[in-house]
Amino acid sequence: MSEDQKLGFTPNEMMTIAASRALKNDDVCFVGIGAPSAACNVARLTHAPDITLIYESGTIGTAPDVLPLSIGDGELCETAVTTVAVPEMFRYWLQGGRISIGFLGAAQLDKFGNINTTVIGDYARPKTRLPGGGGAPEIATSSKEVYITMAQTKRGMVEKIDFFTSFGHGEGGGHRKRLGIDTAGPTLLITDLAIWKPNPVTKEFTVVSLHPGVSREQVQATCGWVVKFAEALDETPAPTELELKTLRDLQARTKAAHEGTAKEKAA
Amino acid sequence: MVKFLPLKEAVAENLHDGDTVAFEGFTHLIPTAAAHEAIRQGFRDLTLIRMTPDLIYDQMIGMGMAKKIIFSYVGNPGVGLLRRARDAIENGFPRSIEIEEHSHAGMANAYEAGAAGLPCAVFRGYRGAGLASVNPNIRSVTCPFTGEVLAAVPAIRPDVSFIHAQKADSKGNVLVEGIIGIQKEAVLAAKRAVVTVEEVVDSFDDLHPNLTVLPSWTVTAISVVPGGSHPSYAHGYYVRDNAAYLEWDEIAADRDRFQAWMQANVIESKAGDFAARVEHLRPAA
Numbered sequence: 001m002s003e004d005q006k007l008g009f010t011p012n013e014m015m016t017i018a019a020s021r022a023l024k025n026d027d028v029c030f031v032g033i034g035a036p037s038a039a040c041n042v043a044r045l046t047h048a049p050d051i052t053l054i055y056e057s058g059t060i061g062t063a064p065d066v067l068p069l070s071i072g073d074g075e076l077c078e079t080a081v082t083t084v085a086v087p088e089m090f091r092y093w094l095q096g097g098r099i100s101i102g103f104l105g106a107a108q109l110d111k112f113g114n115i116n117t118t119v120i121g122d123y124a125r126p127k128t129r130l131p132g133g134g135g136a137p138e139i140a141t142s143s144k145e146v147y148i149t150m151a152q153t154k155r156g157m158v159e160k161i162d163f164f165t166s167f168g169h170g171e172g173g174g175h176r177k178r179l180g181i182d183t184a185g186p187t188l189l190i191t192d193l194a195i196w197k198p199n200p201v202t203k204e205f206t207v208v209s210l211h212p213g214v215s216r217e218q219v220q221a222t223c224g225w226v227v228k229f230a231e232a233l234d235e236t237p238a239p240t241e242l243e244l245k246t247l248r249d250l251q252a253r254t255k256a257a258h259e260g261t262a263k264e265k266a267a
Numbered sequence: 268m269v270k271f272l273p274l275k276e277a278v279a280e281n282l283h284d285g286d287t288v289a290f291e292g293f294t295h296l297i298p299t300a301a302a303h304e305a306i307r308q309g310f311r312d313l314t315l316i317r318m319t320p321d322l323i324y325d326q327m328i329g330m331g332m333a334k335k336i337i338f339s340y341v342g343n344p345g346v347g348l349l350r351r352a353r354d355a356i357e358n359g360f361p362r363s364i365e366i367e368e369h370s371h372a373g374m375a376n377a378y379e380a381g382a383a384g385l386p387c388a389v390f391r392g393y394r395g396a397g398l399a400s401v402n403p404n405i406r407s408v409t410c411p412f413t414g415e416v417l418a419a420v421p422a423i424r425p426d427v428s429f430i431h432a433q434k435a436d437s438k439g440n441v442l443v444e445g446i447i448g449i450q451k452e453a454v455l456a457a458k459r460a461v462v463t464v465e466e467v468v469d470s471f472d473d474l475h476p477n478l479t480v481l482p483s484w485t486v487t488a489i490s491v492v493p494g495g496s497h498p499s500y501a502h503g504y505y506v507r508d509n510a511a512y513l514e515w516d517e518i519a520a521d522r523d524r525f526q527a528w529m530q531a532n533v534i535e536s537k538a539g540d541f542a543a544r545v546e547h548l549r550p551a552a
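So the sequence lines, in the order shown, correspond to chains A and B. Each residue of the first sequence is one higher than the one before, counting from 1 in our numbering. Each residue of the second sequence is one higher than the one before, counting from 268 in our numbering.
Hints listed in this document are in silico derivations from the structure and should not be mistaken for laboratory results. For every residue, glycine included, the Cβ atom is placed at its ideal position computed from N, Cα and C. There's no promise every hint is true.
[Stated by the list, open to error] Some chain B residues judged to face chain A by a derived CB distance under 7 Å, without partners named: (1) Arg353; (2) Glu357; (3) Ala372; (4) Val408; (5) Tyr504; (6) Val506.
[To be verified] So the derived label-pair ranges between C-beta atoms look like this: (7) B:Cys410 <-> A:Gly8: 44 to 50 Å; (8) B:Ala279 <-> A:Leu179: 38 to 44 Å; (9) B:Glu535 <-> A:Arg178: 40 to 46 Å; (10) B:Gly414 <-> A:Ala151: 53 to 59 Å; (11) B:Ala542 <-> A:Ala238: 50 to 56 Å.
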């Protein structure tokens, strides 16, 4: 019997559900695509029915029945309270200080919550050209707080990122303030193994809670920097039946919807 | 005065080698048919502007038409990377291209400045971001009232912008609805604007007064191309073909498969073929 079967849920399900729990009913959340989108919608479908979800395509207060593949799927607009133009989205709503939580994923992350989604290697001669920042550089500095979610790997969680796509706490301490950024920055990191919060002084992400069945060694083995653990280390409560059912139903609806438009008419 | 033209003529009259051109559509109303017509006509040395280059720029870059791209997200939204764009940036294949990279906020503000006739856009952005040190067009200004240092980027002023929209009326006014993205700014910022539409209706008299309508005199040419946004979508007409975006990831991964796909689906195809591509994506009546 595998570890997942024993627990009754996968590490990724635990990650999404732990991330969903961090969101409050009165949050106004700017949703990044991928893992953040699943977490935000599980929150909306469980404990935070009134949460305002905003996608950068301009859809404000959206309530999709399936997870969008892109940030601009039609259902986001059809279920939104209102849909605004993209310049308005970034000027009035994000820059205007209306967003309580910016929820981002990351390709590469360092211990101060700086994110790289731009290049692996040198910018001018990249080893791998990634999609780049999109809305993230300003989401990271204009949202009141930033939550980050990603599955742990040594390639993803690194001592030094190759490019500063989105600024977290820089070199730590008061680096944000020195650059004139007056928002809190990354305050929470949810991985498939643990929940992390920044040290109040150094701003280095520290493990505060291990997910059920996860050891300190596993967290360290999948992280490229030397991990610090809080003295009073919690165990993340396992997903409830309702949380798991909500997530699995959402993912099943999503899979059916995206495959439902299948066409294979090449040539 | 706006002209209703077949797409072939609208593209030939308004796009030229070496132009700075925007094909816009923020995941919605992407002018795919217009981009494919531009590919068939084989323009060279274009500077391509687009917030999310997406499949159509992957195709144009892969066909060697671009000398430079100005963008803020060079990915296949929700799927991953743009493999032809990567091949050009990483390996210079089929030719090397210059890149000018911004954030979405930077591009959106720059389009708005273009529409507003300003030389540059000013906003609170790029703080701590690595782009500010690799893109010389990201600079700063100091607010004369508060002393706050703000980001500045040059306005976007394309020679020509292409967008897709839902419909035009018989006078050539254009309606855009749903996720309106950057469509209005892209048209108003450009010297010339070409719009493809799903259909033409007699009049807009029964529309809600606050809908986004581009008056006919802001548009150079209109072409009626039903389905012209596929595999993107047109709100109210057909849904996004997410499976096609997933499939593109495999097609574009291989240089030969890409060329074969382009030959069959673009070069040997025509604007009139788009209607059939969205038939299965229209809501059941």
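Status of the hints after comparison with the structure:
Using the Cβ-Cβ criterion of 7 Å, the hint placing Arg353 of chain B at the interface with chain A is satisfied: the shortest such distance is roughly 5 Å. For Glu357 of chain B, the interface hint holds, the least distance from its beta-carbon to any beta-carbon of chain A being 6 Å, beneath 7 Å. With a least beta-carbon distance of about 4 Å to chain A, the hint placing Ala372 of chain B at the interface is held under the 7 Å criterion. For the restraint placing Val408 of chain B at the interface with chain A, the shortest Cβ-Cβ distance is roughly 14 Å, beyond the 7 Å limit, so the hint is violated.
With a least beta-carbon distance of about 10 Å to chain A, the hint placing Tyr504 of chain B at the interface is violated under the 7 Å criterion. At its closest, the beta carbon of Val506 of chain B sits 6 Å from a beta carbon of chain A; the interface hint therefore holds under the 7 Å criterion. Between Cys410 of chain B and Gly8 of chain A, the C-beta spacing of about 56 Å breaks the proposed range 44 to 50 Å. Taken as a hint, the range 38 to 44 Å is violated for the pair Ala279 of chain B and Leu179 of chain A, whose Cβ atoms sit roughly 49 Å apart.
At about 59 Å, the CB distance of Glu535 of chain B to Arg178 of chain A disagrees with the hint of 40 to 46 Å. Taking 53 to 59 Å as the suggested C-beta distance range, the pair Gly414 of chain B and Ala151 of chain A does not conform, at roughly 43 Å. Remark: the range hint 50 to 56 Å for Ala542 of chain B to Ala238 of chain A is upheld by a beta-carbon distance near 52 Å.
Going through the hint list in order, the structure does not satisfy hints 4, 5, 7, 8, 9, 10.
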